Amino acid sequence: MTGKMAIVGNGDSIMVFKAAGVATFPAQDEKKAREVLRKIAAEYKIIFLTEELYKPLGDFLKRFDEEPYPVVLVIPSGKGQTTYGEEFLKSAMERALGVDILFNGEK
Amino acid sequence: MARLNVNPTRMELKKLKARLTTAVRGHKLLKDKSDEMIRRFTVIIRENKRLRQEVEEELFQTLKQFSVARSVTPAYSAETAFSMPTVAVKAECGTKTVMGVDVPDVKLVEEKRTDGLPYAFTEITSEADYSVGKISALLPKLIELAQTEKTVRLLADEIERNKRRVNALEYVMIPQLEETIKYIRDKLDENERASIVRLMKVKNR
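As you go down the protein sequences, you meet chains A and B in turn. Note that this note's numbering has the first sequence beginning at 1, numbered continuously upward. Note that this note's numbering has the second sequence beginning at 108, numbered continuously upward.
Hints in this document: simulated from the structure, not taken from any laboratory. Source: prediction; values computed, not measured. Among these hints, one or two may not hold up.
Result set (DMTMM-like, lysine to aspartate or glutamate): computed pairs, CA atoms no more than 20 Å apart in a straight line [stated by the list, open to error]: (1) 4(A) - 43(A); (2) 18(A) - 163(B); (3) 248(B) - 212(B); (4) 248(B) - 199(B); (5) 138(B) - 94(A); (6) 135(B) - 285(B); (7) 214(B) - 29(A); (8) 203(B) - 154(B); (9) 214(B) - 43(A); (10) 171(B) - 52(A).
In silico negatives: residues of chain A with every beta carbon more than 10 Å from chain B [to be verified]: (11) 10; (12) 30; (13) 34; (14) 52.
Don't be surprised by glycine CBs; every beta carbon is placed ideally from N, CA and C.
My request is simple: use the sequences and hints to build the entire structure.
Structural data, given as structure tokens:
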């Protein structure tokens, strides 16, 4: 089964994905992103989401955690600090293992 | 620990013993499953961390370069240049199982285009070419990251659920059954002793 890819995000950074052949859905704020995601979740298998939009949508995105698809991947949007990756790994680790096996050597 | 509310009979004792053996066996199996899942999880989460770092770094650079390209071209020409992609990337989406958990298995299928860029070279600066090329090259990695991250999510959920099951068996179910079995056995022994004593008394009379 082939699936399509999409990116939901704000700003100019999504334009470069468009040139690479990924369907783009501009969303300036949380509300719009929610709407867009609900609409495209069934059609697109892989959805990239820029990091600024992820934080307010955290609970909404939990519903996608039950099934293998759609896969939602949070990517940095090119501005500001990216903390999502580390936070995600930490929370997953805490839930599954109860200990920190990745970051204990650092900091 | 509260014992189960059953009648102290031989029937019940037999039933409970069967339940206890099943529970013990189930507990052992689940515990083994949990161990193996955690082992796999640690492998996958390490992989995830490595990929994440790589992708973030490369993406950051690409986007930076792209913003340079954006800033030196007028907005409308940039928009027209990028708004007609010549290629649509598609991904082959399957599922595989990791310890009984369905996880996505994605591969990129790309229709190759001839020149690699959706616009003419005269339209826009060369920085844009680089960034588009880089993003295209980065897509397989992005997809791999998406897949790994989803696997981590699903596996973490399953591990948590499994842990709860193991604990429920270990700390609730099995102690309860053991206590109830002991209670029934004590009761039956007591009854037996009582009847022996009664018989002895009757005989002595």
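Cross-check of the supplied hints:
1. 4(A) - 43(A): holds, 7 Å
2. 18(A) - 163(B): holds, 19 Å
3. 248(B) - 212(B): Distance of about 13 Å is within 20 Å: holds.
4. 248(B) - 199(B): It holds: about 14 Å lies between the C-alpha atoms, which stays within 20 Å.
5. 138(B) - 94(A): Given that 20 Å is the threshold and the Cα spacing comes to 19 Å, the pair holds.
6. 135(B) - 285(B): This hinted pair holds, its Cα atoms lying about 16 Å apart.
7. 214(B) - 29(A): violated, 31 Å
8. 203(B) - 154(B): Holds, at roughly 18 Å.
9. 214(B) - 43(A): With Cα atoms ~17 Å apart, residue 214(B) and residue 43(A) stay inside 20 Å; holds.
10. 171(B) - 52(A): holds, 17 Å
11. 10: holds, 13 Å
12. 30: Check passes; 21 Å lies beyond 10 Å.
13. 34: Non-interface label on residue 34(A) holds, nearest chain B Cβ at 20 Å vs cutoff 10 Å.
14. 52: With a cut-off of 10 Å, residue 52(A) remains clear of chain B, as the shortest Cβ separation is near 13 Å.
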